[in-house]
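Here the protein sequences line up with chains W, X and S, keeping their order.
All residue numbers for the first sequence refer to the numbering used here, where the first residue is 1 and numbers rise by one.
All residue numbers for the second sequence refer to the numbering used here, where the first residue is 308 and numbers rise by one.
All residue numbers for the third sequence refer to the numbering used here, where the first residue is 699 and numbers rise by one.
Derived from the structure by calculation, the hints contain no laboratory data.
Glycine included, every Cβ here is placed at the ideal spot set by N, Cα and C.
It is possible that part of the hints are untrue.
Stated by the list, open to error - Beta-carbon label-pair distances, calculated as ranges: (1) E361(X) <-> N70(W): 34 to 40 Å; (2) L44(W) <-> I755(S): 41 to 47 Å; (3) S218(W) <-> K369(X): 26 to 32 Å; (4) S754(S) <-> L173(W): 57 to 63 Å; (5) E365(X) <-> N96(W): 54 to 60 Å; (6) N330(X) <-> M1(W): 50 to 56 Å; (7) T29(W) <-> N780(S): 52 to 58 Å; (8) P356(X) <-> N96(W): 23 to 29 Å; (9) N96(W) <-> G736(S): 29 to 35 Å; (10) T71(W) <-> E752(S): 44 to 50 Å; (11) G736(S) <-> T97(W): 25 to 31 Å; (12) D101(W) <-> N584(X): 45 to 51 Å; (13) N714(S) <-> K369(X): 46 to 52 Å.
As the list claims (entries may be wrong) - Covered stretches of chain W, going by a simulated chain X footprint (3 or more residues, C-beta under 8 Å): (14) 13-24; (15) 118-127; (16) 171-180.
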Amino acid sequence: MYYIHKVASITHQNSFLQNDINALLVEITEGSVLFAPDYKKYVLPSSLRRLSPILRMAVAVAKECQEAINTPFEAISIGTALGCLTDTEKFLNVVNTVEGDILSPTSFIQSTHNTISGLISLELKNHSYNMTHTQNNISFEMALIDSILCCDEGKSFVLLGAADEGIEFLNKLKPIVISKDAFVTSGATFFALSKIKSNAEIGIVACQAKLNKVSIDSEINSFLGNLQIDSAAIDIVYSNCLTEHFPSEKMIHYEKFSGLYFTSNAFGVHMAHDWLIEQSKKYALVVNSSCEGGIGLILLRNDKAQD
Amino acid sequence: MDIFITGYGVISAIGNNVEENLNNLIQEKTAIKQGLRNFSSKFKVGEIPYTNEELRSEFNLKTEGSRTALLGMVAAKEAFLNHELFDHVKTGLISGTSVGGMDTTEEEYKKYLKGDRVNYKNYFNHPSGTTSAQIASELGISGFVNTISTACSSAANAIMMGARLIRSGYLDRVIVGGTDSLTQFTIFGFRSLMIFDDEWCKPFDNSRKGLNLGEGAGYIVLESQKSIQTTGKIALAKLTGWSNASDAFHQTASSPDGDGAVLSMNQALQVAGLKPNDINYVNAHGTATPNNDLSESKALIKIFNGKVPPFSSTKSYTGHTLAASGGIESVYAVLSIQNKILFPNLNHTAPIEETGLIPIKRIEKNMEVNHVLSNSFGFGGNNSTLIFSKK
Amino acid sequence: MELKEQLKAQIIEQLNLEDLTTADIKNDAPLFGDEGLGLDSIDALEFIVLLDSEYSIKIDDPSLAREIFYSIDSMADFIESNK
Numbered sequence: 001m002y003y004i005h006k007v008a009s010i011t012h013q014n015s016f017l018q019n020d021i022n023a024l025l026v027e028i029t030e031g032s033v034l035f036a037p038d039y040k041k042y043v044l045p046s047s048l049r050r051l052s053p054i055l056r057m058a059v060a061v062a063k064e065c066q067e068a069i070n071t072p073f074e075a076i077s078i079g080t081a082l083g084c085l086t087d088t089e090k091f092l093n094v095v096n097t098v099e100g101d102i103l104s105p106t107s108f109i110q111s112t113h114n115t116i117s118g119l120i121s122l123e124l125k126n127h128s129y130n131m132t133h134t135q136n137n138i139s140f141e142m143a144l145i146d147s148i149l150c151c152d153e154g155k156s157f158v159l160l161g162a163a164d165e166g167i168e169f170l171n172k173l174k175p176i177v178i179s180k181d182a183f184v185t186s187g188a189t190f191f192a193l194s195k196i197k198s199n200a201e202i203g204i205v206a207c208q209a210k211l212n213k214v215s216i217d218s219e220i221n222s223f224l225g226n227l228q229i230d231s232a233a234i235d236i237v238y239s240n241c242l243t244e245h246f247p248s249e250k251m252i253h254y255e256k257f258s259g260l261y262f263t264s265n266a267f268g269v270h271m272a273h274d275w276l277i278e279q280s281k282k283y284a285l286v287v288n289s290s291c292e293g294g295i296g297l298i299l300l301r302n303d304k305a306q307d
Numbered sequence: 308m309d310i311f312i313t314g315y316g317v318i319s320a321i322g323n324n325v326e327e328n329l330n331n332l333i334q335e336k337t338a339i340k341q342g343l344r345n346f347s348s349k350f351k352v353g354e355i356p357y358t359n360e361e362l363r364s365e366f367n368l369k370t371e372g373s374r375t376a377l378l379g380m381v382a383a384k385e386a387f388l389n390h391e392l393f394d395h396v397k398t399g400l401i402s403g404t405s406v407g408g409m410d411t412t413e414e415e416y417k418k419y420l421k422g423d424r425v426n427y428k429n430y431f432n433h434p435s436g437t438t439s440a441q442i443a444s445e446l447g448i449s450g451f452v453n454t455i456s457t458a459c460s461s462a463a464n465a466i467m468m469g470a471r472l473i474r475s476g477y478l479d480r481v482i483v484g485g486t487d488s489l490t491q492f493t494i495f496g497f498r499s500l501m502i503f504d505d506e507w508c509k510p511f512d513n514s515r516k517g518l519n520l521g522e523g524a525g526y527i528v529l530e531s532q533k534s535i536q537t538t539g540k541i542a543l544a545k546l547t548g549w550s551n552a553s554d555a556f557h558q559t560a561s562s563p564d565g566d567g568a569v570l571s572m573n574q575a576l577q578v579a580g581l582k583p584n585d586i587n588y589v590n591a592h593g594t595a596t597p598n599n600d601l602s603e604s605k606a607l608i609k610i611f612n613g614k615v616p617p618f619s620s621t622k623s624y625t626g627h628t629l630a631a632s633g634g635i636e637s638v639y640a641v642l643s644i645q646n647k648i649l650f651p652n653l654n655h656t657a658p659i660e661e662t663g664l665i666p667i668k669r670i671e672k673n674m675e676v677n678h679v680l681s682n683s684f685g686f687g688g689n690n691s692t693l694i695f696s697k698k
Numbered sequence: 699m700e701l702k703e704q705l706k707a708q709i710i711e712q713l714n715l716e717d718l719t720t721a722d723i724k725n726d727a728p729l730f731g732d733e734g735l736g737l738d739s740i741d742a743l744e745f746i747v748l749l750d751s752e753y754s755i756k757i758d759d760p761s762l763a764r765e766i767f768y769s770i771d772s773m774a775d776f777i778e779s780n781k
C-alpha cells in the first residue's frame with residue numbers, strides 16, 4: 001500500500017486545500033475558470049514573472065505537498081501528456097515571425113516537458129531523483145508506477161504529480177484530434193506518497209496501465225483478479241469512459257468536473273481519496289480510457305473502513 | 308540481479324547501424340557538416356542524409372510517424388533484430404524524446420500562421436507518447452510502453468527506468484533508449500541560448516564555444532536472467548549502474564562545481580558496487596558549451612579524486628542528439644567494452660585552463676575495458692549516469 | 699523620452715517585471731543578482747534580444763553581457779557608444 005499523505009489540486013473546482021472536494025463539485029460549463037490561489041504566496045516575484053500557467057499550478061500544489069510532510073522528498077515523478085504548451089506555442093511563433101538571428105530564449109527554455117519537474121526541484125531545493133513521464137492519456141499512471149518503484153526501492157516520501165495545460169489552439173483540433181464536445185482545459189494534482197502509514201488512511205493499492213486497445217471489461221477483470229478483489233467490493237468508480245462492469249449508481253464521470261486534459265485522472269484519484277474518507281468506504285477504482293491512448297486503472301483503499 | 312544487454316541499434320549522422328557507427332568512430336570521421344534542409348543549411352549539424360520518404364523505403368518501415376518516430380523505428384528495429392516475442396516474457400518499450408513529433412507540428416504551424424491550408428490530422432504526431440507508440444507498433448510490441456522526456460538525459464533515464472522495472476520483476480525484457488530529429492524549433496532554440504558553435508564543436512577544449520546539434524536514435528535491449536533462459540540470447544554486456552539526481556541550481560545552466568553530476572555519478576557507482584578506479588572509460592556528456600564542459604570536468608575531478616580515467620565526448624562525431632544522446636552513447640559504451648577500444652574526442656587542442664583535463668585524442672585499441680561510465684545531463688538540472696560492464 | 703527611462707520601460711516589458719515601475723529601478727543599481735533586481739543569465743540573453751530589436755546593436759559574445767548590462771547606466775553608455 002502506498003499511502004497518500006497529502007493531495008492538492010488546482011482545477012476548475014474549488015479543490016485547492018479543501019478537505020472534502022466532493023461537497024463542492026460543480027459540473028463545468030462554458031466560461032468556467034480555474035480556481036487559482038495567489039501564486040505570489042508560492043513563488044518569488046522574480047521567478048513568477050516567467051512562469052506559464054502549468055508551471056504556476058504545479059509549483060503551488062508541489063509546495064503544498066512538501067509543506068504537509070516534514071522531510072524532503074526522496075524522489076519526484078511527474079506525468080504530463082502534452083507538457084508546457086503555452087511556451088511551446090510561444091516559441092513556435094518566435095521561430096516563425098522573428099527575422100534575423102537573435103531570438104528570445106525564455107519560451108524555448110520553458111517548452112520542454114521537464115520544465116515542470118526541474119522547476120519544482122529548484123523551488124524545493126531538492127537534489128533527488130527527478131523524472132518526467134509522458135505517455136498520452138496514461139502519463140499519470142506512468143509517473144505513479146515510477147513512484148511505486150521508488151517507494152519499493154526504499155525512498156521514504158515521493159512527490160507524485162500530474163499537470164497539463166490547455167491552450168486555445170487545441171480547440172482548433174476539434175473534431176479531428178480531440179472530440180468535439182470536449183471542454184479543453186488545464187489542471188494539476190500532486191500527491192505526497194509513502195509506504196509509511198503514520199496518519200494516512202487512504203492509499204493506492206495498485207496501478208495498471210496498458211497502451212494497446214483491449215476491452216475495458218477484460219482489463220478490469222484481470223486487474224481486480226490479480227488483486228483477488230471482487231468487482232462487487234468496489235464502492236465507487238471514477239471514470240472517464242462508459243463501462244457496464246459496475247452499476248451506474250456507483251459510477252462518477254470525473255471529466256464532467258475536471259474538463260478535458262490528458263492527466264485529469266489524477267484529479268479522479270483526488271476525488272476518490274476524499275470520497276473514501278467522507279463515506280468511510282473501503283475501495284475506489286479510477287478508470288481511465290480514451291479511444292486513442294491506453295487504459296489505466298488505479299485502485300485506492302481506505303484502511304479505516306470495515307469490509 | 309544482473310541486467311543483460313542482448314541487442315543494440317543506432318542511427319546517427321555517422322552511420323545507419325551499429326557497424327557503420329563503429330567504423331566511423333574508429334576512423335575518427337565526424338559527420339558534422341553544413342545542413343541539408345532549409346532550416347539547417349546555415350549551420351554545422353549532425354544530420355542524417357535521408358528524407359522521411361527515403362527513411363521509410365531504405366529501412367522498410369511500415370508504420371507512419373514523425374521523423375523522430377521513423378529514426379526511432381530504425382534503431383529500435385536493429386536492436387530488436389532476431390529477437391522474438393514470447394507470451395511469458397513480459398516485454399516493454401521505454402523511449403526518450405524531447406521533440407516528439409515537433410518536426411511535423413512546426414511545418415503545420417507555419418502553414419497555419421501564413422494562413423495556408425492546414426491539415427490538422429498531422430497534429431496526431433505531436434505528442435511524445437505517440438512517437439513511442441509508433442515505434443512500439445513497428446516492433447509489434449504492445450502492453451508496457453512509456454516515454455521519458457527530461458530533455459538531453461531522456462534516453463539515459465529511459466534506460467534506467469527499464470533496468471529498474473526488470474529488477475522489480477515488472478518486466479522481463481525491455482527495449483530502451485531514445486530518439487530526436489533535428490527541428491527548426493531546437494536549432495533556433497539553442498541559437499537563442501547563444502550556445503551554438505558555427506564551426507565544429509570542441510568538447511573539453513579551452514576555446515570551446517558551444518555545441519553542434521545532431522539527430523538520431525539509439526536503443527539497447529535489456530533482459531533478466533529469467534528472460535535469457537527463454538530467449539536464448541547471448542549478452543553483449545551488462546548494465547550495472549544507474550542514477551538520476553537534480554542539480555537544483557538553474558533552469559538551464561549547470562552548477563559551477565557540477566553538484567548534480569557528482570551526485571549522479573556517485574550513486575551510479577554505488578548501484579554498480581564499483582569504486583571510482585574500476586572505471587576504464589568515461590563517455591562524457593561533453594556538449595562543448597563553456598558551462599557544461601567546465602562543470603562536468605570539475606565533477607569528474609571530484610568523483611575520481613583528481614585521477615580522471617580516459618574520457619571523451621563522442622558528440623564531436625554525431626553532434627548533440629539531445630534526447631537520443633544517452634541511447635546512442637550507450638551503444639558506443641557497449642562497443643567500447645566489446646572491442647576493447649576507447650573513442651577519441653575530436654577537435655581538441657588545448658585543455659580547459661581551470662582543470663587541465665585532456666581527453667582521449669586518438670583512437671586507443673587493445674585496452675582493458677571492464678567498466679564504462681556514461682553521463683547525460685539535461686535542462687532543468689537533470690543529471691543521469693549509467694555504468695556498463697563486461698558480461 | 700530620455701534613453702534611461704525608455705530602457706527601464708522596455709526592460710519591464712521584455713522581462714515581465716509586472717510588479718515594478720520605472721521609478722523602482724535606480725540608474726546605478728546592479729540589475730543582476732540578489733542585491734539588484736534578481737535577474738539572471740536568461741535575462742541577460744533577453745537584454746541581448748532587446749538591444750538587437752530596439753537599438754539594432756548586436757552582441758555576439760554572451761559572456762560580455764554581465765558587464766554591459768550591469769546597471770541602467772552601463773547599458774545606456776553602451777548604447778550611446780555603439781549607435
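Hint-by-hint comparison with the structure:
no. : hint                            : result
1   : E361(X) <-> N70(W): 34 to 40 Å  : violated, 58 Å
2   : L44(W) <-> I755(S): 41 to 47 Å  : violated, 31 Å
3   : S218(W) <-> K369(X): 26 to 32 Å : holds, 27 Å
4   : S754(S) <-> L173(W): 57 to 63 Å : violated, 39 Å
5   : E365(X) <-> N96(W): 54 to 60 Å  : violated, 31 Å
6   : N330(X) <-> M1(W): 50 to 56 Å   : holds, 53 Å
7   : T29(W) <-> N780(S): 52 to 58 Å  : holds, 56 Å
8   : P356(X) <-> N96(W): 23 to 29 Å  : holds, 26 Å
9   : N96(W) <-> G736(S): 29 to 35 Å  : holds, 32 Å
10  : T71(W) <-> E752(S): 44 to 50 Å  : holds, 49 Å
11  : G736(S) <-> T97(W): 25 to 31 Å  : holds, 30 Å
12  : D101(W) <-> N584(X): 45 to 51 Å : holds, 46 Å
13  : N714(S) <-> K369(X): 46 to 52 Å : holds, 47 Å
14  : 13-24                           : violated (count 0)
15  : 118-127                         : holds (count 8)
16  : 171-180                         : holds (count 4)
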